[in-house]
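Dock chain B against the given chain A, drawing on the hints supplied.
Sequence order for the protein chains is A and B. Counting along the first sequence from 1, when you hit position 129 you're at 129 in the working numbering, and nothing is skipped either side. Counting along the second sequence from 1, when you hit position 123 you're at 665 in the working numbering, and nothing is skipped either side.
Keep in mind the hints are simulated off the structure, nothing from the lab.
Below, computed lysine-lysine pairings styled on BS3-like, alpha-carbon distance capped at 30 Å: (1) Lys674(B) x Lys41(A); (2) Lys82(A) x Lys92(A); (3) Lys197(A) x Lys692(B); (4) Lys96(A) x Lys141(A); (5) Lys121(A) x Lys344(A); (6) Lys674(B) x Lys613(B); (7) Lys37(A) x Lys674(B); (8) Lys674(B) x Lys197(A); (9) Lys299(A) x Lys82(A).
Covered stretches of chain A, going by a simulated chain B footprint (3 or more residues, C-beta under 8 Å): (10) 186-200; (11) 359-366; (12) 426-438; (13) 445-457; (14) 472-485; (15) 497-510.
All figures in this text were calculated on a predicted structure; none of them were measured in a lab. Glycine included, each C-beta is placed from N, C-alpha and C at the ideal position.
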Amino acid sequence: MKKNLKGRFALIVAVLLVCIYGIFGIPSGLGGSALLKAMTKRIHLGLDLQGGAHLILQVQVQDAVNDETNNALVSLEQDLKKANVSYSHVIKPDPKNPGLVEVDGVPPANSGAARTVFDTKFSNDYDINPEANGTYTLTMKPTVRHDLEQRTVNQAIETIRDRVDALGVSEPEIAPYIGQNQILVELPGISNLDQVKNLISETARLEIHPVVGGPYPNEQAAAQSVGGTVPPEDEVLPFSGTIGNREGADQYYVLQRLAVVAGSQFRSADPGNNPDTGQLTVNFTLTNEAGVKFYDYTKANVGNPMAVVMGGTVREVATIKGPIHDQGLIEGGFTRDEVDALSKLLRTGSLPASLTYLEQRAVGASLGADSVHEGVTAAIVGMLAVLAFMLIYYRGAGINADLALIFNLIILLGFLGWSSAMGVTATLTLPGIAGVILTIGMGVDSNVLIFERIREEMRAGKAASAAVDQGFAHAWITIVDTHVTTMVSAAILFMFGTGPVKGFATTLFFGLLANLFTAVFVSRTIFDAHLNKMKPGEMVSI
Amino acid sequence: MEFFRSPNVNWLGWKWYFLSFSLIFSVAGLISMGWHWAHIGSPIPLGVDFRGGTEVTVQFSSPPDIAAIRKAMDAAGYRDEKIQSIRGEGETNQALISLPERQNEANLDVDRQAVIGALQQNYSSNPFDPSKDVQLSVVGPTVGRQLQEKAIQATLLSLAGMLVYLWFRFQLIYGVAAVVACFHDTLITVGAFALTGQEISLTVVAAILTLIGYSMNDTIVVFDRIRENLRLSRRETLPDVVNRSINQTLSRTVLTSGLTFLTVLSLYIFGGQVLRGFSFALVVGILIGTYSSIAIAAPMLVAWQEWRARQGKAAVLPVAKRART
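Same shape as in the complex, but just chain A (with noise of 0.2 Å):
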């Protein structure tokens, strides 16, 4: 009985074909080293591979919080003042309890005024309960200073993904992990730690100074503005652009080399947009501190420029349009883009919270590399060994069974290449590999299974299309059955492990998936064809 192959044949050809563009895409040639380059771009090596930089860091968020109350300590000293009401201090009373604030000493004459003060501006992050003596407690509400880690530690997250930046590394993982308050980075390529955790640490990199005068087309020119040589208060800087990248547009500014704001008194930067304008702006913040001095300068200086500084580089320049006390816009004719990205520039400019680190992991590209050769060593031996022995014991078959492995590693390599083109991360890494020969030898044991029951059904006297028959039938469930637990336990694996054991937990997977196509369905249909050639009576080679 002749079956009707054409189909099956089609479709193996199809997945087959998809999977090698899966792994090489569409390579620049055909030899060994364009293929190799093809596939290193489709699959990606994890850091233990490829050699990297992984840390995981702590946001110490209570630094945030601090510098909140810190900010509301003075703003209630300020508006008491303001309303005449006497105390004898505002603090914070408990150091390890940062969301705290405590104002004691006010008479009972002064109780109304000094309720009114704390309703009209703080009871909307703070719980206020009046104590005995003329003591009130101002405490942090709980879902206000949730938001304010959380907001805390995503700035952390932008400010180190900018500066990062600047290192070039192509495909840096910079996000959330797992812990409270963690981040988890990832630098391909990058092996010195001490150069990264510098980058990330580095403080207040952020200024604005006041211009003295400028554009100009180079050097020489800003020097001779102020009188040929440049005196030692001021500094000349290139011109590099909002969004950082207009190196070389030869506009020198003269600036003065005193800040007038520094970085780290930027409380917030967010783009917006001047009602009675139309224009696009960035709404800023500073500390009550910086607030002070800001508006001094501001008042003296209407209508002169002032300049973002950012990395030795000017940013932008922008006019002072009227005094600021903490909180201004700057406006200047942006475009969205410029917009978002000054803000962005405001908020990174320095890092919200201090940062301790968790974790460090660091592979050189050498140590990699021989991980890369070890690991792909034991991989063909393995491979070789399981396909010569198949071969030997199982005969015809063992050719049958040897496809179907090359077939299945072909295919697992094809996911590999296929997730990361469709955004999911699925890294190789060394236990990665370590998966791959797994699924080899697990791999096997379904043609096992199946040819073992063949042999069996032809000693009881089957004909050779019965007996292929009934070994499928027969072994398909317990192939499903035992295919089904190890895929349990690699997703688990997958959900608790980290970095590398994803990496395995993906390959083992993926393997006993594409084991389950190729074992059976590619299986049958290779013996479907031989048995559709055989004469009758004549046996399975097996």
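Same frame as chain A, now just chain B:
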């Protein structure tokens, strides 16, 4: 070619030998774990992933002289007790220097820089490039603890998941027997680590979870056959059915284990130092996993049946009464 044409071994007859063998190794493993617990505070040596600390692997340009490295570290103030281990690898020119955990994450950084500095200054005869030839792991106590918790959760969840799956597919007693067999495998494998003094890292835990899955596979194949044979045969006793099932699946069992063992052996020999613990766990685990399906899981089924018979309860597994002679 065929190794086992029609084997007919009385496996259940060997059950006391099997039991003794398992007991000896389990007890040896437990004693070794107890010894470790008394000496280092944990039943098996923990890798840097779990215990925290600093580990530096350096690839030198020529084979490293361990004594000289120790002297170099000494000179930098890291006396012998502070250094956990310096191991040289035979084939490559690598050395692994391991420093113990610190309470404070900041101090770990100091250790890391000190090691590289000490090697460069005091062992300059054997140069290396710190940006390419070094692998560092610096793990603080917070992350170490987090990882331990996750590893335990993953293992327990895995075992529970399998038990549930087996409950669906087979009767409960099959599931229990299979889980007991897996537990036995894990115990002996972990015992092997304790006995040989190897460290457990996260990849080793991954290997152990994998071999649990593998041992379960193996047991399922035998159980599937037992169940099939019980359905077909109405005249055999349970021990006879079990023996026959094992004999029928013997070829497949030995072959699969053999082939998977081949691949894992290749990994152990060629896979390099990073995967050594992982491949060791699998080498031991695959051998024991295969053994346990025949020696532990199957006899357990029969023993359970006989225990119930002695209690006067009905047989859980369908089987004929003993044939009248």
